[in-house]
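Taken in sequence, the protein lines are chains A and B.
Numbered continuously in the numbering used here, the first sequence closes out at residue 553.
Numbered continuously in the numbering used here, the second sequence closes out at residue 553.
What the hints contain is simulated information worked out from the structure, not anything from laboratory work.
Just so you know, these numbers come straight off a predicted model, no measurement behind them.
Treat the hints with caution; some may be incorrect.
The list cannot tell twin chains apart, which means a pair is met if one copy fits it or any two copies do.
As the list claims (entries may be wrong) - Derived pair list, reagent style DSS-like, types lysine-lysine, alpha-carbon separation capped at 30 Å:
no., residue 1, residue 2
1, K546, K247
2, K546, K510
3, K307, K271
4, K60, K380
5, K91, K271
6, K271, K231
7, K247, K135
8, K332, K188
9, K91, K332
10, K439, K527
11, K188, K65
12, K62, K110
13, K91, K510
14, K188, K62
15, K62, K91
16, K332, K60
17, K153, K55
18, K91, K65
19, K135, K510
20, K65, K110
21, K110, K332
22, K528, K332
Protein chains: 2
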Amino acid sequence: MQKEFEDKLKAFKAYMQDIEYLSSALSALYWDARVCSPKNGLHFRGEVLGFLSSEMYKRQTSSKMESFIDYFQSLKEADEITKAMTDRARREYERSMLIPKERYRAYVVAVSDSEAAWELAKDEANYSLFRPHLAKLLAFNREFIEYWGYEDSKYDKLLDYYEPGMTVEKLDTLFTELKKAVITLLDRIKSSPKKIDNTFLRNDYPIDVQRRLCDCVLKRMGYDLDAGRVDVSVHPFTVTLGNNDVRITTHYYSKEFQSALFSCIHEGGHAIYEQNISEKLTGTMLKTGASMGIHESQSRLYENILGRSRAFWTSFYPETQEVFPQFKDVSLDDFYRGINAVQPSLIRIEADELTYSLHIIIRYELEKAIFDGGVSAEELPALWNEKYREYLGIEPQNDAEGILQDMHWSSGNFGYFPSYALGNLYGAQFFHTLKKDMPDIAQRIVKGDFSSLNDWLKSHIHQHGAVYLPEELVKKVTGEELTVKYFIDYLNNKYSDIYGF
Amino acid sequence: MQKEFEDKLKAFKAYMQDIEYLSSALSALYWDARVCSPKNGLHFRGEVLGFLSSEMYKRQTSSKMESFIDYFQSLKEADEITKAMTDRARREYERSMLIPKERYRAYVVAVSDSEAAWELAKDEANYSLFRPHLAKLLAFNREFIEYWGYEDSKYDKLLDYYEPGMTVEKLDTLFTELKKAVITLLDRIKSSPKKIDNTFLRNDYPIDVQRRLCDCVLKRMGYDLDAGRVDVSVHPFTVTLGNNDVRITTHYYSKEFQSALFSCIHEGGHAIYEQNISEKLTGTMLKTGASMGIHESQSRLYENILGRSRAFWTSFYPETQEVFPQFKDVSLDDFYRGINAVQPSLIRIEADELTYSLHIIIRYELEKAIFDGGVSAEELPALWNEKYREYLGIEPQNDAEGILQDMHWSSGNFGYFPSYALGNLYGAQFFHTLKKDMPDIAQRIVKGDFSSLNDWLKSHIHQHGAVYLPEELVKKVTGEELTVKYFIDYLNNKYSDIYGF
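Just chain A, with the same shape it has in the complex (with noise of 0.2 Å):
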C-alpha cells in the first residue's frame, strides 16, 4: 500500500511537472508578447499560446488525470500537500473539462487579438476599436458559465476562480460596509479644514534616474534581481517564469514621481511573495500564490501599508531627494502627506489609497451587472462613467482615462478586480498580526532593515504557496476570519493623522 502510494505520487508529479512547464512557457511567451514582441508577430504568436494553452488543457483534462484525481482523493492517509495538489487538480480537471476543446482554444487565440486591440485602442483613446473584441470575449465567458452550471450567481463562478469560495453574496456585505466607511471618511476629509498640496509630486523626473531608484528601492525591499527583471510595458504586471524567474513591469512617466515607484512596489510585492515560495512546491501546482486576494495583500500591503507610510520614508526621503533636487525643501511631513494626499481621481492605479477601493466597488458593480444583469459591451461605457460621477464626483473625458484605462478586460479576467480591494482586507488583518508579533516594525522600516519583515512574511503566508485556500490561510494567520475591520481602522488612524481630526 505504501509502496502504491510512493509510485502513485512520483508519477502523478512527473505529470503536474509537465503542466508546470507548459505554464512557464506560457508565461514566458505572454511577457514577450507584451514586453518585446514586434507588433507584427503578435497573431501567430497568439496562435501558439493557443496551442500551448490546449496541450496544458489537454493534461488538466485527461483520463490520466481523472484517475490521478480519483486515487488521491480516496485516501485518508495523504500530506496536507498531496491533498492540495488533489484539490487544486481537481479544481482544475472540474472547470476545464466542462469547456469544449475547441472552444476553449478558440478563446485564447480571441485573448490574444483582443489584447493587441485594447493597447491601439487604448492608445487612440477610441473604446470602439476594442469593442468587438470585448464583446466577442463577453460571449466566450457567458457561455462558459453554462458549460459550468450555476446556482444563484453567474458571476460567483467567475469569482470563484481567483478567490476560491468567494461569492457575490459574501462581497456585498463586505464591499457594503467598506463603500460605507470610505464614503463617510472622503466627506471628513474633504469637509477638513486642512488641505494638502503635492504639486511637488509633478514636475520633471528624469527617466533614467526614477529607474535607478525604483531598481535601489526595490533590491533593498528584497526583490532578487539575480532571480527576476524589471522592464516597461504598457500596464505594469508580475509574472512567474519559472523557478527564480519573476519578472515585473512598470511605465515610466517623466512628469510623474510617484507613478513608476509605487507600481514598482506594488509588482516588488508580488514578485517577493512568488520568489519566497518553498521550492519544496516544484512539480505540484501549488508553487503561486494561494489567491489573487491574498497576492493582492502582499502587492497591497507592500505598496500602501509600507511604501507610503512615515516609516518607510524615513528610510529613503535622503537618497530620493539627493537624486532629485527638485524636493530639497520639501521636509519629510510634507512629503509624506503628499503621497497620501486624498483626491478622487479617474486612473484606478494612480488613485490614492482612500479611494481606491472605490474604483474598485464600481469595477465589481458593472461585472456583475454583465453577467448577473445581461448588460452589454455597447452599455458599458455609459454606465461606467455614470457610476465615476456618482461615487467620485468626476467623469472620464475619454475612453483611455475610462474604460479603457485597465487591461484586465481585454485578457478576459473577468472577476479579478475584487481581488485588489480584498488584497486591502487581507493585507491590513495581516499586519495587526505581525504588528502583534513584532511590535517594534516601524522602527525596523526606518533602520532599512525589510528582512524580519520578509521573514515574517515568508514562514507565515508566502512559503506556503497554495496549500492553504485563502479562508484557511487567513485562519491559520491571524486566528480570525476575513473583516473589514482593521483596514479599516487602518485607513481612520491614517487619515485622522493626516487631516487632523
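Following the hints, position chain B against chain A.
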C-alpha cells in the same frame, strides 16, 4: 483518391503546424535565455526547453508521423511542396527515432547547462570551467552517431544535419582548393609594398550612436523592424520566433567601429532571408532556410560582398561621417581599404574576409579530428593553438581569445562551422548570377536602392524556404554545381585592386 489525398494533406499540415508551434516556443525561450533571463532562472529554463524538445521529438517520431511519411512517399502525383515536406519529415524522423527519448531529453538539459557554463568560462577566460560540459556534449554526440550508424566518416553524420548531402570527402576537396588560394593570396599581400593603415577604426564610438547607425543600416538594407528587433547578447545570432518575428542580436564594443556594425549586417542578412520566405509555407516545416550553408550565403553576401563593397559605402559613408566626426578626415577610399585590410587575427568574427576561411578550416579540421580521430576535450586547446600558429602565424594568449571564443560547441552545434565557408562559396556563386541579370547592381546600391537586390534574392532564393535541397537550389539558381571558382575570382579581384598587384 483526390479527396483522400486532400484530407490526408490537411491532417498532415495540421500535425506539422503543431510541431511548428513547439519550435516557435522553443526559439522564443532560447532567445529569452540568451537575451533576458536572470541568471538564477537558467537551470529551470533548461528543464522547460528539455520538456518542449521532447514533446517535439515525440511528434517527429510518432507512429502517426510514420504513417504520414509512408502515405505521401508512396504517391507519384504529390506536388513539389508536399514532397519536400515529406522528405524533410522523413529526415527528421530517421534522425530522431534512433535516439532513445530519455537520452535526447537529457542532452537538451546538458546543452542548456553547457551554454550557461560557457558564458561564465568565457568571461573568466577559463576553459576548465567549460571542459567537463564540452566533454559531456561530445560523448552525447558520439553516442548519437552510433545510434544513427555511419559509413566512411562519423563526422559526415553531423555535417549532413546542417548541410544535407555534404560529406568530409566533398569538403576536403573544396577546402583544399580554398586553403591553397587563400594562402597564396595572403603571401602576395604580405609581400606587397602597399600597407594599409586602419587605426582610425579603433577609437571611441559611443554605443548609443553605434546603435542608431546599426538600426539605420538595417532598416535601409530591408530588415523589417515591425517584424523583428535588435538586442544585445554575448555572441550575435538570429532567431525566428514565428511568422513576422525574426530577431537579431549583436554586441557593441565602444572602442571598435567594425564589430557591432558588421555583425548587424551579417545577422540582418539571415533575418531578411527568414522574413522573405513565403507565408504559404507555414505549417510545412519548410518555412526556414534551405540549409545552414545557404543561410550563411545570405548573411555573408550582405556582410562582405555588399557590406564591404565600395558601392555600399559610397551610399552610407556621408552619414557615418556625420555621426562619427572622427572619420571627417578619412577619405572614402581610405575607409574602404581600411575595412578590407588583411591582417591575421585570433577572433573569427572579427577576422578580415580573406583570413576568415582559415578560421573555419581550423575548426573543420578539429571537428574532423574529434569525431573521426578520437581527439578529446582535454586535447583541444593545445591543438587549437597549434593550428592558429601554423595557418595564421599567431597564437591565443588565453582561452577567451582561443577555444572559448565561439558559442557553437557550447550549444552542441558540431558540424556547423563549415557552413560559414560554404556560405562564402554559395554567396559568390549566387552573386555572379545576380550580376549577369542585373549588371548595374553596384550603381543601385550606391543610390541606396536595396529593393532590386532583395527582390532578386527573394524570388530566386528566399521565398522558397527549404523546398529545395542546397544542391538543387544552387543548380536551379546558377545553372551549375557548387564550385570554389567564383569566390576565389572574387577574392583575387578585390585584393589585387586593394593591394595593387
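These are the hints, each one checked on the structure:
Taking the shortest alpha-carbon separations for K546 and K247, only the intra-copy value of 15 Å comes in at or below 30 Å, while the best inter-copy value is 78 Å. Only within a single protomer do K546 and K510 lie at most 30 Å apart by alpha-carbon distance; the minimum there is 26 Å, versus 67 Å between protomers. Proximity of K307 to K271 under the C-alpha cut-off of 30 Å is restricted to the intra-copy arrangement: shortest distance 24 Å within a copy versus 32 Å between copies. Taking the shortest Cα distances, K60 and K380 never come within 30 Å of each other, neither inside one copy (65 Å) nor across copies (74 Å).
Proximity of K91 and K271 under a CA criterion of 30 Å is satisfied inter-copy only: 16 Å between copies versus 32 Å inside one chain copy. For a Cα distance limit of 30 Å, the shortest separation of K271 from K231 qualifies neither inside one copy, at 36 Å, nor across copies, at 55 Å. Taking identical chains as interchangeable, the C-alpha atoms of K247 and K135 are never at most 30 Å apart, the minima being 54 Å within one chain and 78 Å between chains. For the identical chains of this complex, K332 and K188 are inter-copy neighbours only, at 29 Å across copies versus 40 Å inside a copy, given an alpha-carbon limit of 30 Å.
Taking the closest pair of Cα atoms, K91 and K332 come within 30 Å of each other only across two copies (20 Å); inside a single copy the shortest separation is 39 Å, beyond that limit. Proximity of K439 to K527 under the C-alpha cut-off of 30 Å is found in neither arrangement, the shortest distances being 35 Å within a copy and 71 Å between copies. Taking the shortest Cα distances, K188 and K65 sit within 30 Å of each other only across copies (28 Å), while inside one copy they are farther apart (36 Å). Within a single copy, K62 and K110 get their C-alpha atoms as close as 20 Å, and across copies as close as 22 Å, so both meet the 30 Å cut-off.
Proximity of K91 and K510 under a CA criterion of 30 Å is satisfied inter-copy only: 23 Å between copies versus 39 Å inside one chain copy. In this assembly of identical chains, K188 and K62 lie within 30 Å of each other by CA distance solely across copies; the values are 28 Å between and 41 Å within a copy. Taking CA atoms no more than 30 Å apart as the test, K62 paired with K91 passes between copies only; the shortest distance there is 29 Å, against 43 Å inside one copy. Taking the closest pair of Cα atoms, K332 and K60 come within 30 Å of each other only inside a single copy of the chain (18 Å); across copies the shortest separation is 46 Å, beyond that limit.
Taking the shortest alpha-carbon separations for K153 and K55, only the inter-copy value of 27 Å comes in at or below 30 Å, while the best intra-copy value is 36 Å. Within a single copy, K91 and K65 get their C-alpha atoms only as close as 38 Å, which misses the 30 Å cut-off; across copies the closest is 26 Å, which meets it. For the homomeric pair K135 and K510, the shortest alpha-carbon distance inside one copy (22 Å) is at most 30 Å, but the shortest distance between copies (59 Å) is not. In this assembly of identical chains, the alpha carbons of K65 and K110 lie at most 30 Å apart whether taken from the same copy (17 Å) or from different copies (20 Å).
Proximity of K110 to K332 under the C-alpha cut-off of 30 Å is found in both arrangements, the shortest distances being 25 Å within a copy and 29 Å between copies. In this assembly of identical chains, K528 and K332 lie within 30 Å of each other by CA distance solely inside one copy; the values are 20 Å within and 59 Å between copies.
Comparing the model with each earlier hint shows violations of hints 4, 6, 7 and 10; every other hint is respected.
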